[in-house]
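Visitor: Protein chains in written order, with the numbering used here: chain V, 1 to 860; chain R, 1 to 140.
Among the hints, a few may not be true.
Heads up, incomplete: computed chain R residues facing chain V, CB under 8 Å, no partners named [claimed, not checked]:
1. A27
2. Y50
3. H68
Derived DSSO-like pairs: lysine-lysine, alpha-carbon spacing no greater than 27 Å straight-line [said to hold, decoys possible]:
4. R:K128 to V:K803
5. V:K849 to R:K135
6. R:K89 to V:K839
7. V:K156 to R:K128
8. V:K793 to R:K53
No lab work stands behind these hints: they were computed from the structure. Think of the CB as a built atom: it goes at the ideal place given N, C-alpha and C, for glycine as much as any other residue.
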Amino acid sequence: MVKPVIVVGSGFAGLSCAFHLAEAGIPVIILEKKEKLGGYFPQLKKQFPTNSCGVCFMHPDYPAYCPYIEAERHENITVYTNVSIQNIENYQEGVNIKFSADGILNEIDGQALVIATGYEPFDISMKPDLGGGLYENVYPALNFEDHIYDLIAENKSLPQRKIAYIQCVGSRDLKIKRPYCSSFCCMYAIKQALLIKDFDPDVDISIFYMDIRSFGKDYERYYLSAREKGIKFIRSAVASVKKRPSTGKLEVLYTKDGSATEETFDAVVLSQGAVIEKSILDLMKKLDVEIDFYKPKLFEDREIKRNIFVTGTLYDPMDIPDSAIDGIATASKIISRNMITPKILAPVKVKTQKVAKIGIFLLGCDNRLDDIVRTRFSEALKVKDLDEIQYAVRENKFDGAVIITDDIRKTSGFLENKNYCGLHIDSVVLVPSFNNALLEEISASIQKLRQVKRNNHVPKALNSKVCIIGGGLAGLVSAKFLGEMGINVVIVEKEDRLGGRLLEIPSRLDLVKNYIKYVEDNKNIEILLNSKVKDVEGRLGEYILQIESKEDVRKLKVDALLVTTGGIPRKNVVVQEDGKRVFTIFDFENRFDEISKSKRVVFKQCAGSRTEDNPVCYKVCCKKAVMSAIALKNKNPEIEIFILHKDIRTYGFSENLYRQARAMGIQFIRYSQEPEIMRESEKLKVKVLEDGTNSEFIFEPEYVLLSSGMNPNTEEVAEVLGIGTTDGFINPYNQKTGLLDIKNGIYSAGLCLAPNYTEDVIKQAEAVAVRIAIKLAGRQLYVKFNTAFVNPKYCCGCELCVKACPVSARYMDYEEKIARVDEALCEGCGNCAMVCANKASQHKVFEHKGMLKTIDLMVG
Amino acid sequence: MSDFEPKIIGFLCNWCTYTGADLAGTARIQYPSNIRVIRMMCSGGVDMVYVMKALLEGADGVLIGGCHPGDCHYQSGNFKARRRVAILKKILQQLGYNEDRVWLRWISASEGKKFANTVTEMVEYLKKLGPNPFKYTGNI
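With the hints as constraints, model all of the structure from the sequences given.
Guide: If you want it as structure tokens, here you go:
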């Protein structure tokens, strides 16, 4: 028996960790302090940078990516709520935890503990100078978001016509001992401002900020769109917010062009930062883990003590996509200590095609509803849970069931776990109890069941082989994990060596060499150097690749594809770049000694990026420049360093590096007009106009280092695989929750997906490997029932359905001249059934005849 | 016709509007009981034959609920629905039939209130419009 893993906290990170562990066959126990699972995610109805609804976008494919429902219904997950932790003890092989849940004391012995308690929004009453807690029209941002949703839902105009957002409340503030940056406040403030602007364009919105940190994938465009829509961005610290008693309006005092300015607003919203709860700080103290908010990293390692891990916002302030990936990366550490237990599915067989005896069940409905249903359907049975249904099915020999339930989604999930209570999937219909025409719907469902034709279902076997395109760091990390899990891996690398770009950076050499050594030694991993993927055909479980090397072209059959083609440093982005004295920061480490001997160095941030032509933030350059500057200053304290920037985006705990750099005397100069780099005989000259003070500086540096970022290396691979890209970065399935999945069976990680730090690339690669391993570990593909089917008798081969399918699950069988359905890919939207003129393509659940009958009954 | 209660058939997308209706139900938001809901996987899977069938059978209105543009679970199903509804409305116009009996609305999963409001609005509108003429003139 495998010991369980205990996950404390059920926010996005905690649940995605728990869910992936559970899918791998490891029992998981979730402890949640509050009454309900979920954390802050369900509160946020709209999410940046797409402003789309998170709930609508839940992944329809199994394993579904909405961790909430999944965690609640999963057979390997046990949930305790209202928990308070008494004691944690770790020892060599595991962890012992004592806690009380709903007032009852419990003790659990687990193999590992994951702390994912996340954050708590900053209490604004600690900032009375900004009016926090003093005036009712100074709102905390999270409450104001609810206010916006309510108004939008009721379609009422906003009573506040002039709104000020104040950023960095409770972060980047030494006075209240919160020196770090909370990473996500800039983005959610922009999101709220855009929500208001889209709903009511006349509202005047100003955002007071220090630096706008829109560093994620496509976030920069989001920020620019906010600027275009007329949201004012004012770079200034706000001195005070005071209420004028006569009008009730708020006066905001700030500096503009060097002089104090006062402006009146109807409402002020304070963008709260992330704060770690006091109980967690106490817990850390008990565990003897030092917490210092002034360090550039809160925790040295993810495993803070033996068998105790931290993940999510507690590890580093991060937004939802990063939390999801972080949670899975933590799960990968624990999974690699165990093995994945395969999940074997039994084939489903039926004796007769038609349903003969149908049972009606009332699941968890109140008495009033029972009476209503029993007036027409006297045979309806009242049941408490699915076990009772299973019992009743066996006793009464039902072969079909209509289940009336108040929570369709949950019940359908549990049904899947309970193997459909011994019934054939096609012969179970769920009816929601909230329906006003309940009785009609029940009779319609019975009619529909009588129409259904049932077939045998046999799960499809996989041979579990993954092809990794690109042998850079991301590819190597994923290959290591997959190889450990016993999955066959083929690495296809274009160049003649593994390792990619990191081989050129001395400080990362050891890291990448370790991985290369492991990958070369593992028997499960095959390496193809000097090779390229020329052509791809097929679908999940049966991809056929054509791999071209110098000698020959060979065919390869794999189940899934992982794209980790990485990036190329951007070169020649500035006219004066010569590679000798003006060069990119990528070469910094190789020329460190030479640079440190000079007198003056200029770092130019955003070289050729965040411009009109290329509105991309490459994320890593700010921290890299700051770290390089600190290293130079440490080596040679005499050196003068100037960093020219648009915004310094050292988010999270890297903010401490930025502050350290300033304290060391490194000069930061903000520009909005592109600085000029000139050459006068042998001398380099840099001319820059500082924002805010409008003063001009001219330097004569010996070296100019350009922060130009990395371009993704995806051109060829995107064409071969037929996947979309934005600015060269691969488009994920869903930017918020499905960042690593591209299509069914194609995954991606690393620099080809989004700009990232080395640590984040490793994290993504581990996470994507877990997702692939879980998909392939059962070595079976789930046969889904919510799919389309084709009646070959009527199919004329017109290919309309092939074109209509959004997930390319429909394909033509040219030998038989009919269209077919790939059940593994089909997500059951019914679009193909709709376009089919002779109704050869139909949806199994929403069959044409059944639907017509249903409408008949519904109209009555 | 003061006591006329219109009958509405709602074809709702499983991912957005259906969940929204579910939310309205569980949040105990009051809305008229005139709507009968049929769950579809996607608004793009709603055959216009179904809409016509409902109208011919005597439904006074048909509500098709889909995801907001750009939010479709299946990428573009809601756009397909929009195109089809536009064509259907043209056809209904040609038949001399009031095309405003067919409503297409974008309601997301979190907008239980909006769903309730839409149904209330539709019922009021249909009450003004009177019963479906097909109801009496014939079965086709």
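Visitor: Hint by hint, note whether the structure agrees.
Guide: Going down the list of hints, with the structure as the test:
no.	hint	in the structure
1	A27	violated (10 Å)
2	Y50	holds (6 Å)
3	H68	holds (7 Å)
4	R:K128 to V:K803	violated (42 Å)
5	V:K849 to R:K135	holds (22 Å)
6	R:K89 to V:K839	holds (23 Å)
7	V:K156 to R:K128	holds (25 Å)
8	V:K793 to R:K53	holds (25 Å)
Hint check: violations occur at hints 1, 4; the rest are consistent with the structure.
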